[in-house]
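Asks: Add chain B to chain A, keeping to what the hints say.
Listed below are the residues making up each chain.
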Amino acid sequence: MDIVICIKEVPETTNVPWDPKKGTLIREGIPGILNPNDKNAIEAALQLTEKYGGVVTAISMGPTQTDDALREALSLGVDNAVLLTDRHLAGADTLATSYTLYLAVKKIGRFDLVLCGKESADGVTAQVGPQLAEFLDIPQLTYATNIEIIKGNFVRIKQKLEDVYRELESPLPALITVEREINNPRIPPMDHIMEAYRDKQVMVWTADDLGGQMERFGLKGSPTQCLKVYTQRIKKGKVQILEGDGFMVAKELVQILRKRNLT
Amino acid sequence: MEFNLSAESKLMIKAARDFAEQTIEPIAAKIDEDDAIPDDLLPKFAKAKMLGMMIPKEYGGTGSTALNMILITEELAKTASAVYWSLALNNSVAETICHWGSDNQKELFIPPLCDGSNYAAMAFTEPATGSDPAAITSTAHSDADYYVLNGTKRFITNGKRKGYGIFYAKDETEKVTAFVVDKSSDGYTCSKPWALMGLGGQGLVDVFLKNVRVPKANILGEKGKGFNVLLRWIAGERVQQMAFMLGMGQACLEESLKYAKERIVKGRPMTHMQGFQWMLSEMHASIEACRWWTYRVASKQDDGDEIQVDSAALKIFVVPTIQEVARKALQIHGSYGYCKNYKIERLYRTIAHAGVTGSSTEIQKTLVGSSLARS
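Top to bottom, those sequences are chains A and B. Going by the numbering used here, 37 is the number at position 37 of the first sequence; the sequence numbering is gapless. Going by the numbering used here, 71 is the number at position 71 of the second sequence; the sequence numbering is gapless.
Isolated chain A, as found in the complex (with noise of 0.2 Å):
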């Protein structure tokens, strides 16, 4: 069972301030953690291998830095670890990171099973996994939280939708994303975090390395453009409290409302 899993860096901290002009992040000065979602698909990748053997490799499209957070899914367990950093690959929005996902998923080769987390919780679009699943050619399974391998080469996922759980099944290879409630990612030992910096190796691959069209990476890729990005305005209101009688205070109430045309 060879799994690969995407994981992403995402600022530590939800209150990352905009970029009015660019309309992106502005990510310099925020330490980054490991996209919590993604833990959940390294633990359900490190638990199918733990029962049925085979290789776990981690990739993950960013600067740098993001050699941080393969270290982390180094030291939970994960086998190998490949950053795809390049000038060429930022910018991208989901398409262009797809895209790139796919090049590097089909230069590593064999594998039964894609993983990814649900959603970055910086972007939060859901997009990434189903369409790494369509360049791929492959089944899609989302929102699992659950998974087991049938007759061999079958996988099965329990999906949570809004009101309901469907079982929905499919040939191997495919791609699943996965949902928080699936598992409760394991605590890296410290020996293993040691291991992880000291005598593991972060693969670097480039867009070089990653073949394809240039043009479809990166800013240059993406046909997502953000024109304008701006807070929403909180007006600050004043509590009033209605006390006295019930019927006198819905009528007050009832007056209030009227005055201020909200009936």
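Careful, some of the hints might be misleading.
[To be verified] Keeping only pairs whose Cα atoms sit at most 25 Å apart, straight-line, the calculated SDA-like set for lysine to any residue is: (1) B:Lys47 - A:Ile33; (2) B:Lys162 - B:Val148; (3) B:Lys170 - B:Asp182; (4) B:Lys266 - B:Glu288; (5) B:Lys47 - A:Arg198; (6) B:Lys258 - A:Arg198; (7) B:Lys175 - B:His99; (8) A:Lys238 - B:Met273; (9) B:Lys10 - A:Glu28; (10) A:Lys238 - B:Arg263; (11) B:Lys10 - A:Lys238; (12) B:Lys57 - A:Gly77; (13) A:Lys238 - B:Thr271; (14) B:Lys258 - A:Pro17; (15) B:Lys261 - A:Arg198; (16) B:Lys10 - A:Gly237; (17) B:Lys106 - B:Asp132; (18) B:Lys266 - A:Val239; (19) B:Lys57 - B:Ala235; (20) B:Lys223 - B:Phe208; (21) B:Lys10 - A:Ala207; (22) B:Lys365 - B:Gln323; (23) B:Lys10 - A:Ile33.
[As the list claims (entries may be wrong)] Ranges of calculated distance between the beta carbons of each label pair, as one might list FRET restraints: (24) A:Arg216 - B:Glu107: 56 to 66 Å; (25) A:Tyr52 - B:Ser6: 50 to 60 Å; (26) B:Ser335 - A:Val124: 33 to 43 Å; (27) A:Gln65 - B:Gly187: 55 to 65 Å; (28) A:Arg198 - B:Pro43: 24 to 34 Å; (29) B:Leu5 - A:Lys236: 51 to 61 Å; (30) A:Ile241 - B:Pro43: 51 to 61 Å; (31) A:Arg198 - B:Ser335: 26 to 36 Å; (32) B:Trp292 - A:Gln65: 45 to 55 Å; (33) B:Gly187 - A:Thr145: 51 to 61 Å; (34) A:Thr231 - B:Met273: 20 to 30 Å; (35) B:Thr189 - A:Arg198: 42 to 52 Å.
Keep in mind that the hints were calculated from the coordinates and are not lab data. In this text, a Cβ means the ideal position worked out from N, Cα and C, and glycines have one as well.
Replies: Below, chain B without anything else, positioned relative to chain A:
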């Protein structure tokens, strides 16, 4: 001068924080209340490779540094739980055996401390002495290949739990020698645990040694020079204890900030009021000062420098500073801070321990003062 922590250290901090939040915090209040630490906790520390942090891998350790040990202690300390002491002792006693022990002693005594199957203990204090080696009354009489130990040891953490401890007794030359003692030996008995103001679950007992036979091969370090073993251990232990204080101080600040942001006074959160802002800022400044000095002394330990005086001076500063942080945290919480429903109550009680345990703050002043006088 390098002030940045390595990426490896930062990931260790994060792992320790996750461990503390998932494994200790949910049961910390119950451990304190029941005065009992669950048996499965030490093996969990072992699985996380937090025991034997400074021990080479060949003896089952992690092969890391004193600084990384301090960093994870700081995170675990935020739970204000006595479980810290089990972690600290297994680490520091294993490190002491690693430093002074023979190859045979290392192979025999260290792996069980790193794999969480044994609880370490350190036994110097007696009913009539805490820091004075001359006042020790425990004796060790030579008998063929053994020493026969007699005496009473006071306030021994994990004295009752399975494993090995380093015990100090006067040998036939009237000098203090350190012995590694199996706590399941014949003649080894314990009192019931002392009821403490805080640190419920620490398992602090008196140990009674009545003709306990210890192989001569278990003498740690040089015969008659046990006090050297103790002094070196206690210097490292002080730094760990200050990291424990530092983590609890940080928890005081975090709890206070959380409370002050939610508590509305005259229509505004408490954090908008200058008086509370000043208290919070003083707490933050105090903690930062403690943090960097603690890291500095741990780094010196890693460099192989002598830290007897540094660690004593550190304790002189950190203990009252963090105790003042706790006092401010209690004030910010008002009456709620005095209620057991609020974590600050446990933090306050636990923080009170450091000035009087692991040798008092006043002893540190004597140590530093006499060193300055000699210089």
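Asks: Range hint 20 to 30 Å: satisfied by the CB atoms of Thr231 (chain A) and Met273 (chain B)?
Replies: holds (27 Å)
Asks: Can the suggested window of 56 to 66 Å be confirmed for the beta-carbon pair Arg216 (chain A) and Glu107 (chain B)?
Replies: Since the Cβ atoms of Arg216 (chain A) and Glu107 (chain B) sit about 60 Å apart, the hinted range of 56 to 66 Å holds.
Asks: Could you grab the alpha-carbon distance between Lys57 (chain B) and Ala235 (chain B) and see if it respects the 25 Å cut-off?
Replies: holds (24 Å)
Asks: Quick check: does the Cβ-Cβ distance between Ser335 (chain B) and Val124 (chain A) fall within 33 to 43 Å?
Replies: holds (42 Å)
Asks: Between Lys258 (chain B) and Pro17 (chain A), does the CA-CA distance stay at or below 25 Å?
Replies: Holds, at roughly 23 Å.
Asks: For Trp292 (chain B) and Gln65 (chain A), compare the CB-CB distance with the range 45 to 55 Å and indicate the outcome.
Replies: violated (24 Å)
Asks: Is the hinted pair Lys238 (chain A) and Thr271 (chain B) satisfied, with a Cα-Cα distance of at most 25 Å?
Replies: Distance of about 19 Å is within 25 Å: holds.
Asks: Decide if the proposed pair is consistent with the structure: Lys365 (chain B) and Gln323 (chain B), CA atoms, cutoff 25 Å inclusive.
Replies: It holds: about 17 Å lies between the C-alpha atoms, which stays within 25 Å.
Asks: Take the C-alpha atoms of Lys266 (chain B) and Glu288 (chain B), compute the straight-line distance between them, and say whether it is at most 25 Å.
Replies: violated (31 Å)
Asks: Would you mind confirming whether the straight-line C-alpha gap from Lys106 (chain B) to Asp132 (chain B) stays at or under 25 Å?
Replies: violated (28 Å)
Asks: Is 26 to 36 Å a correct range for the gap between the Cβ atoms of Arg198 (chain A) and Ser335 (chain B)?
Replies: At 51 Å between Cβs, range violated.
Asks: Does the alpha-carbon distance linking Lys175 (chain B) and His99 (chain B) stay inside the 25 Å limit?
Replies: With Cα atoms ~21 Å apart, Lys175 (chain B) and His99 (chain B) stay inside 25 Å; holds.
Violated hints for the displayed structure, listed by number in ascending order: 4, 6, 11, 15, 16, 17, 21, 25, 29, 31, 32.
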